[in-house]
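Chain order of the listed sequences is R, X, G and A.
Using our numbering, the first residue of the first sequence is number 1, and each one after it goes up by one.
Using our numbering, the first residue of the second sequence is number 1, and each one after it goes up by one.
Using our numbering, the first residue of the third sequence is number 1, and each one after it goes up by one.
Using our numbering, the first residue of the fourth sequence is number 1, and each one after it goes up by one.
None of these hints come from the bench; they were simulated from the model.
The C-beta atom is built at its ideal place from N, Cα and C for all residues, glycine as well.
Hints may contain errors.
With a Cα cut of at most 27 Å, we get these calculated DSSO-like pairs of lysine-lysine [claimed, not checked]: (1) Lys90(X) with Lys325(G); (2) Lys169(R) with Lys47(G); (3) Lys42(X) with Lys159(A); (4) Lys47(G) with Lys47(R); (5) Lys98(X) with Lys47(G); (6) Lys34(R) with Lys180(X); (7) Lys98(X) with Lys180(X); (8) Lys397(G) with Lys72(X); (9) Lys295(G) with Lys85(X).
Incomplete in silico selection of chain G near chain X, CB under 8 Å [what the hints assert, rightly or not]: (10) Gln80; (11) Arg331; (12) Gly358; (13) Ile360; (14) His373.
Ranges of calculated distance between the beta carbons of each label pair, as one might list FRET restraints [to be verified]: (15) Glu339(X) with Gly46(R): 50 to 60 Å; (16) Asp348(X) with Thr93(G): 15 to 25 Å; (17) Leu150(G) with Asp128(R): 26 to 36 Å.
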Amino acid sequence: MAENILRGRAWVFGDDVDTDLIYHNKYLAITDPKEMAQYSFEYYPGKENFAKEAKPGDFVVAGHNFGCGSSREHAVYCLKELGIPVILAESYARIYYRNAVNNGYPVLVVPEITKKVKDGDELEVNLDTGEIKNLTTGEVMHGDAVTDLEKEIMAYGGLIPYLKAQAAKEQK
Amino acid sequence: MGKTFAEKVLGKAAGEDVKTGQVVTVEPHFCMSHDNAAPISKIFKKIGVEKVWNPDHIVFILDHAVPAPTDKHAENHKIIREFVKEQGIKHFYDVNSKGGVCHQIMCQEGYALPGLVMVGSDSHTCTYGAYGAFSTGIGRSEMAATWATGKIWFRVPESMKITVKGSFKKGVSAKDLILKIIGDIKADGADYMSVEFHGPAISQMSLAERMTLCNMGIEMGAKNAVCPPDEKVLDAIKDNAKTDKWEAIWADDDAVYAKELEYNLGELEPGVAKPHTVDNYAPVNEVAGTPIHQAFLGSCTNARIEDLREAAKILKGKEVAVRTIVIPASWKVYRQAMEEGLLNIFLDAGCIINNPGCGPCMGNHEGILAPGETCISTANRNFKGRMGNKESFIYLASPMTVAASAVKGAIADPREVL
Amino acid sequence: MGKTMIQKIIQRASGKEVKPGDRVWCNIDLSTARDFAGPNCVLQFDKETEGKGKVWNPDKIAFTFDLEAPSRSEQVANNQKLIREFAKRQGITKVFDVNWGIGQHVLLENGLVKPGWVILGTDSHMNLLGAVGAFATGVGNTDIVASWILGKLWYRVPETVKIHVTGSFKKGVCMRDLLTKIVGTLGAGGLIYKAVEFVGPTIENANLAERITLCSMVTEMSGKIGLIQPNGEVLEWLKARAGEEVVELAEAIKADPDAIYSEEYEFNVDDLEPMVSAPDAPDNVKTVREVAGEKLDQIHIGSCSNGRFEDIAAAFEVLKAADFKIAPGIRAIITPATREVMKQCAQAGFIEKFLAAGVIFTNPTCALCTAKHYGTLPSGDVGMSTTNRNFIGKVGKGSHTYLASPMTAMASAVRGVITDPREIIG
Amino acid sequence: MKITGKVWKYGDDVNTDVIFPGKYTYTVSERSEMGQYALEDLDPEFTKNAKPGDIIVAGKNWGCGSSREQAVTCLKVRGIGAIIAKGFARIYYRNALNEGLPIIVAPDAVDAIEPNDEITIDFDKGEIITPKGTFSFPPFPEFVRGLIEDGGLIPHVRKSLGLE
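Please put together the full structure from these sequences, using the hints given.
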């Protein structure tokens with residue numbers, strides 16, 4: 001249980017953070033996820049140094065429609081590879097959300113989080129209950145883990161492992 | 001004793017009687033730079049002079065990566081636009097449909113003129129010899145210094161005389177001739193020399209063919225390469241010469257040459273330069289059947305209307321078997337090709353027609369090769385890594401050979417399909 | 001209870017009765033990838049299947065190359081090669097190489113898109129195929145790999161928003177302006193997870209290019225798909241390309257009169273005027289009049305949103321009205337969507353006139369939109385483009401872009417400053 | 001002036017594309033960044049391990065091809081002490097002088113020098129001292145010496161314009 005409680009610093013982003021801001025199109029030719037991390041948020045005004053300064057375990061906090069724009073899965077890989085354990089946003093763009101789920105990458109929907117968390121706040125996130133504590137202000141929020149199918153896919157660690165498990169079940 | 005072209009033209013520019021081996025200082029008539037005008041302008045600023053010696057003698061032509069494909073290329077172009085404004089440079093070809101590959105523009109727009117001394121910050125500046133100019137490539141620092149002072153030193157070079165007789169057989173062209181010459185005398189065969197093309201076959205050649213010959217002078221190490229400024233040249237420049245300072249200068253009949261060669265076009269067959277050097281010559285039938293992944297018809301060597309016509313003859317009504325990139329040498333050529341229906345032939349054949357520019361020639365832009373891939377190209381260099389990937393292979397050939405190979409998907413002799 | 005178009009489509013593909021919010025597995029009719037993310041799919045597929053896997057059905061897979069065509073870097077050259085070799089190994093014959101053009105348009109022109117089909121692609125603007133009633137979505141590589149293994153994929157059945165459009169466009173105003181207006185009204189997240197049905201007389205009379213423009217921008221409102229019921233000339237065009245069965249397929253996806261919509265919007269275009277998306281977001285919408293006079297360094301007409309023949313023809317009309325002259329110093333670039341469009345433009349005599357005016361015409365690709373080819377802006381430059389995104393820095397660090405219709409873009413090229421096209425074509 | 005260094009030896013016709021690949025000509029613009037790509041497509045060992053003071057020894061026609069000065073700059077900023085060759089391509093020769101990178105034509109010495117040899121060049125005496133003996137080379141013409149003494153063409157021009 002304890003390992004599902006995470007602590008880290010919050011990096012707060014606004015609404016409609018598009019995929020070019022998360023991972024710019026000029027790096028699309030890269031195929032190795034490990035190489036992608038260094039370009040995370042390079043084009044986000046004021047957070048150009050995110051990839052250098054964020055520590056594994058830090059959280060990405062954002063407003064509505066996080067990840068709008070392109071279908072590039074790079075925008076999920078880069079944050080995952082950087083060691084960002086979970087994204088906490090008010091809502092997600094459709095493709096981004098799918099890509100995250102398909103990779104078993106936790107993305108929680110947390111209403112009004114950008115009003116309750118400031119850049120640099122220390123957060124504690126319980127991935128099992130969805131409880132989010134702002135250790136800096138003491139405020140407590142709830143993040144919605146996703147609906148059943150997505151939860152199941154996430155539990156297997158992503159779409160491909162999930163499909164493999166389903167296939168194995170069918171064979172039995 | 002008679003004088004060579006180099007002795008005469010440099011003597012005229014220096015205002016004194018000069019001999020081979022002597023060092024002279026001259027004022028070049030036109031100084032051409034392409035996208036590297038930006039880094040040159042930075043070196044120029046370091047010199048500490050505010051204004052170039054004479055803005056009317058400076059020509060900028062953007063062609064290496066147009067329109068800009070990356071931030072760096074875009075910034076580079078911006079620096080040039082600002083320098084142009086600041087220095088009052090009128091001869092500027094930006095990213096629009098007036099431009100094209102720099103050497104094509106220099107010839108097409110009346111800068112390349114008989115008897116002028118011209119320099120360019122590009123090694124293929126020797127192309128303008130087709131119009132009877134003494135033109136040669138220089139580096140960035142030297143170009144910056146020339147902008148500042150209006151002067152450049154030259155050692156009056158030894159000369160090589162190449163006499164060409166006879167006429168081309170079907171399927172053979174100027175590209176095959178120059179590849180054969182370079183194969184014979186090797187990449188350093190004309191090092192530091194002025195190469196003069198003489199003979200009845202040269203007078204019969206179009207200016208496009210002469211440009212192909214002179215363009216590749218650098219591939220045998222030449223300082224410059226030049227053809228006689230005959231009626232064809234005078235006719236081509238009569239309406240658009242950018243200056244009247246030119247003069248038809250040619251070598252004396254009894255001039256002394258360090259080396260003399262003779263070629264008979266009737267004995268020539270289609271040839272290629274095999275990877276990875278330009279002097280690695282082979283007749284096309286020796287390498288026929290070699291599988292290719294890409295064909296490139298373009299560059300300052302072979303992308304004029306005459307070249308496109310030759311390729312279109314072969315591609316008409318056929319389909320290419322590999323990706324085939326066609327890049328006309330300039331927008332003027334592009335428009336003429338459209339008017340003549342050539343572009344439709346290329347499109348119907350499945351070719352890609354790119355906007356004029358250098359394309360993949362030096363690994364900057366459209367058509368970079370993947371490892372293990374082979375390209376047949378009408379450009380001028382097949383050095384390892386030239387088209388952006390050191391694990392790829394480039395064969396140089398004529399437009400006809402490239403077209404025939406594109407249809408077959410393997411290197412092919414154009415005489416089989418003509 | 002009546003069903004919307006998307007419900008009917010998903011029902012056919014999943015074999016289940018569905019309502020919004022349900023998660024179901026759908027059979028995939030066509031799974032495509034491009035030279036962007038395609039290589040990731042290939043690498044991931046080979047990894048997951050230890051290099052021994054066979055795709056579920058090579059005839060239902062296609063590749064398109066449009067990100068960098070031809071390639072500008074070793075990496076993309078290598079990526080494209082990876083795809084070509086994979087296709088050969090797997091017996092996939094539908095490979096549209098660098099000489100074809102923008103993927104969705106190439107698929108359409110080659111008759112690979114049918115009404116009601118469930119289609120995937122590694123392009124967030126796949127959903128423009130809703131213009132012919134196909135349910136096409138942009139996905140990441142993991143989804144593609146799953147579809148290659150299984151031939152199916154999970155979907156959440158979306159709610160449907162109905163957008164009803166009436167009226168006719170005045171001269172100088174077009175579908176792109178309506179769309180910009182809609183994006184401005186609904187916002188970047190306005191259609192999140194939702195399907196849209198575009199209906200009403202204005203839509204029924206719209207040509208294919210206009211329908212594509214409309215559906216392509218659903219992505220910019222975070223919608224899942226924008227659907228238009230194929231009819232009239234569009235259906236005829238489709239029949240000629242994809243076969244007789246499209247008539248029946250189109251009939252099968254018709255929304256029921258009593259279908260339930262989560263929201264309904266009405267737009268009338270009679271009084272609509274030319275619109276722009278100002279920097280740096282598609283939903284930062286203004287009228288052209290509000291921003292008129294701002295100096296531009298470059299205009300670009302093209303992309304999957306506005307790169308068809310009709311779009312280029314509209315720009316041509318504006319240039320013609322200006323005696324085929326553009327402002328000195330401005331860079332104007334046109335990129336046709338496909339080779340077919342390029343040929344149409346050549347045959348109509350457009351290219352010659354554009355070139356004579358100083359406008360550049362490139363080979364068909366995604367071009368400026370992916371900032372890979374043709375027209376990256378230097379810092380401080382301001383451009384106008386008919387593409388679909390003007391996110392900050394998207395086409396060059398430190399530059400800014402206005403999104404507008406092909407007519408507005410060309411009118412602005414004529415004057416060198418943002419210009420209402422009505423001033424030119426009067 | 002005298003320099004001693006380890007030899008990197010190459011053959012004939014080494015062209016500018018393998019010394020400094022064309023794909024970097026507009027993407028790498030800082031002089032200080034050019035050194036890391038030197039000889040990338042010819043000898044990755046060199047690219048990784050060449051040290052300041054090392055000397056390049058090559059066959060005929062070193063630097064043929066493009067006019068790109070980066071093919072000189074990348075070696076200069078890498079600290080290469082000199083290039084000895086059987087001959088240089090014309091533009092490369094000029095560019096090297098203009099950058100103040102010493103280049104020496106000495107065919108006999110090239111034949112005698114083995115890879116990894118340690119050799120000494122005495123510019124004042126015009127001598128190359130190798131494990132197999134000492135070879136002489138002719139001094140530069142006077143106007144060239146002026147260029148090298150001034151540190152290259154740009155400082156030379158500044159001096160001649162009275163700006164130094």
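Each hint tested on the structure:
no.	hint	verdict
1	Lys90(X) with Lys325(G)	holds (20 Å)
2	Lys169(R) with Lys47(G)	holds (21 Å)
3	Lys42(X) with Lys159(A)	holds (18 Å)
4	Lys47(G) with Lys47(R)	violated (34 Å)
5	Lys98(X) with Lys47(G)	violated (50 Å)
6	Lys34(R) with Lys180(X)	violated (49 Å)
7	Lys98(X) with Lys180(X)	violated (35 Å)
8	Lys397(G) with Lys72(X)	holds (10 Å)
9	Lys295(G) with Lys85(X)	holds (17 Å)
10	Gln80	holds (7 Å)
11	Arg331	holds (5 Å)
12	Gly358	holds (5 Å)
13	Ile360	holds (5 Å)
14	His373	holds (5 Å)
15	Glu339(X) with Gly46(R): 50 to 60 Å	holds (53 Å)
16	Asp348(X) with Thr93(G): 15 to 25 Å	holds (21 Å)
17	Leu150(G) with Asp128(R): 26 to 36 Å	holds (30 Å)
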